[in-house]
Amino acid sequence: MKKYLTVFKISWARELEYRLAFFLGRSRNIIFLLLLYYVWLSLSRMTGRFAMYSADELAAYVFGAHLLRSVVFGSQTREIAWDINNGNFSNYLTHPVSHFWYMFWLQAAQRALYFLSAIFELVIFVFITKAHFFRQTQWQLLLVSILATVLASFLYFILTYVVSLSAFWSREAMGPRFLFEWILEFSSGSFFPLDILSKNLLAVFQFLPFAYLIYFPLKIYLGGWNAGQIAGGIGIQAVFIFVFAALARVVLKRGLMRYSGEGI
Amino acid sequence: MKKYFRVWKQLAVMASESYMSNRIEYGSYFLGKIIRFCFLMLMIAAIFSHTGNMAGYTKYQVIIFFLTSFLIDTLGQAAFRGVYLFREDVRQGNFDYTISKPLNSLFLVLSRLPDFLDVIFIFPLVAFLFYAFSKLDIFYNPQLLAYYPVFLMLSFLMVAGIHVISVTLTMWTMESESFIWVLRNTTFLSLFPPEVYSGSIQLFFTFVFPIIVIFAFPAKVLLGLLTLKMALVALAMTFVFFGGSLLLWKTGLKHYSSASS
Chain A
1 MKKYLTVFKI
11 SWARELEYRL
21 AFFLGRSRNI
31 IFLLLLYYVW
41 LSLSRMTGRF
51 AMYSADELAA
61 YVFGAHLLRS
71 VVFGSQTREI
81 AWDINNGNFS
91 NYLTHPVSHF
101 WYMFWLQAAQ
111 RALYFLSAIF
121 ELVIFVFITK
131 AHFFRQTQWQ
141 LLLVSILATV
151 LASFLYFILT
161 YVVSLSAFWS
171 REAMGPRFLF
181 EWILEFSSGS
191 FFPLDILSKN
201 LLAVFQFLPF
211 AYLIYFPLKI
221 YLGGWNAGQI
231 AGGIGIQAVF
241 IFVFAALARV
251 VLKRGLMRYS
261 GEGI
Chain B
1 MKKYFRVWKQ
11 LAVMASESYM
21 SNRIEYGSYF
31 LGKIIRFCFL
41 MLMIAAIFSH
51 TGNMAGYTKY
61 QVIIFFLTSF
71 LIDTLGQAAF
81 RGVYLFREDV
91 RQGNFDYTIS
101 KPLNSLFLVL
111 SRLPDFLDVI
121 FIFPLVAFLF
131 YAFSKLDIFY
141 NPQLLAYYPV
151 FLMLSFLMVA
161 GIHVISVTLT
171 MWTMESESFI
181 WVLRNTTFLS
191 LFPPEVYSGS
201 IQLFFTFVFP
211 IIVIFAFPAK
221 VLLGLLTLKM
231 ALVALAMTFV
241 FFGGSLLLWK
251 TGLKHYSSAS
261 S
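If you read the sequences in order, they're chains A and B.
So the first sequence is numbered by the working numbering: it starts at 1 and just counts up by one.
So the second sequence is numbered by the working numbering: it starts at 1 and just counts up by one.
Hint data in this document are derived by calculation from the structure and do not stem from the laboratory.
Among the hints, a few may not be true.
What the hints assert, rightly or not - Computed cross-link-like contacts, EDC-like style, restricted to lysine to aspartate or glutamate with a CA-CA straight-line distance of at most 20 Å:
1. Lys9(B) x Asp118(B)
2. Lys33(B) x Glu185(A)
3. Lys33(B) x Glu181(A)
What the hints assert, rightly or not - From chain A, some residues computed to sit far from chain B (all C-beta separations above 12 Å):
4. Trp12
5. Ile30
6. Leu43
7. Tyr92
8. His95
9. Trp101
10. Ile119
11. His132
12. Leu179
13. Gly223
14. Ala231
15. Ala246
16. Arg254
Claimed, not checked - So, partial list: chain A residues that the calculated Cβ filter (under 10 Å) puts toward chain B:
17. Met46
18. Gly48
19. Ala51
20. Phe133
21. Phe180
22. Phe186
23. Leu197
Note that this is a predicted model, so its numbers are computed, not measured.
Each residue gets a CB set at the ideal place from its N, CA and C atoms; glycine is no exception.
In isolation and in its complexed conformation, chain A is listed as follows (with noise of 0.2 Å):
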């Protein structure tokens, strides 16, 4: 565990040493948080509510999905796919470490200074706009929320690992990464609450592991489900993350046996 440590204290050095680019990256944030919360907020100004939100719920969901960004999605690195493509895979390979949770310690320490930053864009910009918004109060629906987010962070983790480890197989492994991110999203509900779409097409996006990644946690924060729901949501998640790992472990495996290190 001391050496995973050492691993999450370099990776958070290493975000910091680069600050421009850093503040530069949280841009993406910034600008989604601006562009969602005033298209909902100008939907919503007229009526004080849109489709089944309330104003101050839209709110809540663009103020979190922001703060979700940064801890599920974190910086989406390509680390993975260049190191596979360049050779320096071959680095891990000869280290005492876990390929797997060697980079999950290094995407730790960048996804939690971007949740930090977050808080502190959040705190600003609430500040600025006097933005009202629905707190939760049900210390029980927050702390379920939370777990939902560790692992929605976790199953994340998981499937871009999974993702990145096509490289293995090809080169162009950056372009699927790209496709794969632009699914993932829409259909996370990181832009909108899900259930503003027609109920076929909710359906479809809940059938998927992204639903649960953005969406699932925030609903639970706004109290829009039952026991029952949340429980099952919370499975569903356990489910996908033990499917994923278990295909990350297949994967890796049948990779190491094509990888030849080549590049170095």
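Once you have looked at the hints, place chain B on chain A.
Structure of chain B alone, referenced to chain A:
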């Protein structure tokens, strides 16, 4: 001029060969762009399934803003993809070879990698624009249609200016490649009518970082909503912005130290 066209043609042939040899990679990028477009359209459709207007605009007016923004972004991507390779060129010292060639170095930097995937994407975008325009409940005005490409051209010049500023900053500080990503991300703000935002944000993105001028003004012209005063402002800003970016590039080039070679 003929010489530059010949060089661009050769660069385009090389880029297309690169795309053909990386079919999965570029096919996925293309599919990603289509999915992004479809999802954003889905978002607009979902919004208008619950309401009749957004900041005073109807569905097809909002779609005109969205498509115009997408079109200008795509035009910029199609023409100036080379910007994304510039940081590595400076870092590895390859930019020295660019400077030493008997061609305008800015032309080579910007047009090094024409993006055909974006060029292909332009055609359906234009078709969608015509469709959305035909759905508008306004009297057909040929003058508006004639002004629209003029304002698209002004926007294209401003986008070129932003790319020039980006490569100049990359030349100065190796970290600033992210500047172009700030622009790319900021274009998201222009997917919807500017009236969605508060007055101060509209002012900032009109006169300081002119995203609204670039992406929303052409749509406003097409909808017949741009005043003559604001049209003149757009014209003046284009000349100042584009001219300023060229001056900045020249200054940057004079101070380029070739430190990495």
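Each hint, compared with the structure:
| no. | hint | in the structure |
| --- | --- | --- |
| 1 | Lys9(B) x Asp118(B) | 17 Å, holds |
| 2 | Lys33(B) x Glu185(A) | 13 Å, holds |
| 3 | Lys33(B) x Glu181(A) | 11 Å, holds |
| 4 | Trp12 | 18 Å, holds |
| 5 | Ile30 | 9 Å, violated |
| 6 | Leu43 | 6 Å, violated |
| 7 | Tyr92 | 24 Å, holds |
| 8 | His95 | 27 Å, holds |
| 9 | Trp101 | 28 Å, holds |
| 10 | Ile119 | 20 Å, holds |
| 11 | His132 | 15 Å, holds |
| 12 | Leu179 | 4 Å, violated |
| 13 | Gly223 | 21 Å, holds |
| 14 | Ala231 | 28 Å, holds |
| 15 | Ala246 | 25 Å, holds |
| 16 | Arg254 | 18 Å, holds |
| 17 | Met46 | 8 Å, holds |
| 18 | Gly48 | 13 Å, violated |
| 19 | Ala51 | 5 Å, holds |
| 20 | Phe133 | 16 Å, violated |
| 21 | Phe180 | 8 Å, holds |
| 22 | Phe186 | 4 Å, holds |
| 23 | Leu197 | 5 Å, holds |
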